[in-house]
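Chains A and B, in that order, are what the protein sequence lines are.
Counted from 1, the first sequence has number 47 at position 47 by UniProt numbering; the numbering is strictly sequential.
Counted from 1, the second sequence has number 175 at position 175 by UniProt numbering; the numbering is strictly sequential.
Check each hint, because a few of them may be wrong.
If several chains are the same, the list does not tell them apart, and a pair holds so long as it fits within one copy or across any two.
Straight line, CA to CA, 25 Å or less: simulated DSS-like cross-link-like pairs of lysine-lysine [what the hints assert, rightly or not]:
| no. | residue 1 | residue 2 |
| --- | --- | --- |
| 1 | 128 | 10 |
| 2 | 10 | 35 |
| 3 | 17 | 35 |
| 4 | 35 | 160 |
| 5 | 160 | 128 |
| 6 | 160 | 24 |
| 7 | 17 | 128 |
| 8 | 160 | 17 |
| 9 | 10 | 160 |
Just so you know, these hints were derived from the structure itself, not from any lab.
There are 2 protein chains.
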Amino acid sequence: MVHFSNSLTKLLAELQKLPGVGEKTALRLAFHLLKSPENANALAESLQDVTSRVRFCSVCFGITEEDPCWLCTAERDDSAICVVEEPQDLLAVERTRAFRGRYHVLQGALSPLNGITPSQLRIAELIKRLEGGGVREVVLATNFTVEGEATALYLARLIKPLGIRVTRLAHGIPLGSDLEYVDAATVQRALEGRSEV
Amino acid sequence: MVHFSNSLTKLLAELQKLPGVGEKTALRLAFHLLKSPENANALAESLQDVTSRVRFCSVCFGITEEDPCWLCTAERDDSAICVVEEPQDLLAVERTRAFRGRYHVLQGALSPLNGITPSQLRIAELIKRLEGGGVREVVLATNFTVEGEATALYLARLIKPLGIRVTRLAHGIPLGSDLEYVDAATVQRALEGRSEV
């Protein structure tokens with residue numbers, strides 16, 4: 001049997017905790033890092049640096065080094081809040097440059113089967129922000145998964161009574177798609193949401 | 001524009017130095033690690049641990065924590081040495097359990113275009129081991145790439161005059177292959193190397 005040194009076995013186990021990294025990829029990454037110890041050390045320092053500096057913004061719960069984060073302090077439209085599940089979803093929206101309001105990161109989605117209930121998400125904090133006044137629209141940009149849809153529905157019911165407009169990202173055909181390869185449910189939603197040319 | 005904190009930008013840059021990790025994967029890994037700082041710190045410690053403990057075996061130039069490595073000290077057949085390019089290639093051979101001899105890791109392959117000449121590989125060390133006597137066969141298990149083949153040819157010319165048998169891994173059809181999808185050159189080599197049933 002192949003016998004790895006203890007420290008290498010440990011590294012392989014840690015690498016395999018990363019998303020999309022299995023046994024083979026972990027070996028490939030480990031050997032790459034062993035070949036360039038300076039890269040391995042730089043990565044290690046960088047990891048420690050990030051975990052010690054990066055925290056959650058106390059306003060939007062996105063990730064930041066300064067609290068509140070740059071998105072919460074920048075000159076932006078205070079009347080709209082875009083609600084997303086995770087910090088990376090915030091990036092996906094922000095990259096479009098089509099939204100100039102504020103953000104709120106739920107840090108997850110409702111999933112009773114996995115024990116994720118409203119109290120584990122940043123929902124109370126969102127409602128508190130909305131009750132502060134000034135917000136006219138909440139854009140629900142949770143994922144289009146069962147959990148994300150359920151979370152959007154839950155939030156809509158909670159927010160509408162506050163007299164705030166609640167919107168959801170449009171369903172439709174992704175840009176550049178070949179219609180024949182798009183699933184029927186998406187085409188159906190695209191038909192329902194069709195617009196005048 | 002999306003604005004990352006300095007420490008996160010640094011981490012993304014370090015992650016992108018890993019093989020097969022681009023911008024998107026780096027983001028995915030970084031956000032995963034941000035969500036579980038204990039994993040990030042364990043990975044960082046593990047990296048530092050490995051780079052400080054793991055070194056090259058002074059006999060076979062594989063990676064090890066103790067010098068000489070367990071493969072060089074184990075009860076094995078001293079009369080055969082399997083020559084590979086990298087430590088991970090050694091694992092590929094060792095996993096088969098079909099070779100019970102010793103190993104020698106060249107730490108690369110000849111590649112004049114990339115400036116890799118014989119003096120940058122552990123070839124002098126291999127010859128010294130062979131001159132020590134007792135070795136009857138050298139199995140060349142360098143990769144079947146242009147560089148690997150050139151290295152095998154170079155080594156064969158160097159070793160044969162020492163009166164040592166030099167062999168190379170067989171070419172042929174990989175197990176489980178559909179013949180129609182195997183490239184012609186491989187089928188040709190398999191035909192040339194055909195054996196009695």
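Going through the hints against the structure:
With identical chains, the CA atoms of residue 128 and residue 10 are never at most 25 Å apart, being 44 Å at best within one copy and 34 Å at best between copies. Both within a single protomer and between protomers do residue 10 and residue 35 lie at most 25 Å apart by alpha-carbon distance, with minima of 17 Å and 21 Å respectively. In this homomeric assembly, residue 17 and residue 35 come within 25 Å of each other (Cα to Cα) both inside a single copy, at 22 Å, and across copies, at 12 Å. In this homomeric assembly, residue 35 and residue 160 never come within 25 Å of each other (Cα to Cα): the closest approach is 57 Å inside a single copy and 31 Å across copies.
Taking the shortest alpha-carbon separations for residue 160 and residue 128, only the intra-copy value of 14 Å comes in at or below 25 Å, while the best inter-copy value is 81 Å. With identical chains, the CA atoms of residue 160 and residue 24 are never at most 25 Å apart, being 50 Å at best within one copy and 36 Å at best between copies. When the C-alpha separation of residue 17 and residue 128 is checked against a cutoff of 25 Å, the pair qualifies neither within a copy, at 36 Å, nor between copies, at 42 Å. Taking identical chains as interchangeable, the C-alpha atoms of residue 160 and residue 17 are never at most 25 Å apart, the minima being 40 Å within one chain and 47 Å between chains.
In the homo-oligomer, the alpha carbons of residue 10 and residue 160 never lie at most 25 Å apart, since the shortest distance is 50 Å inside one protomer and 42 Å across protomers.
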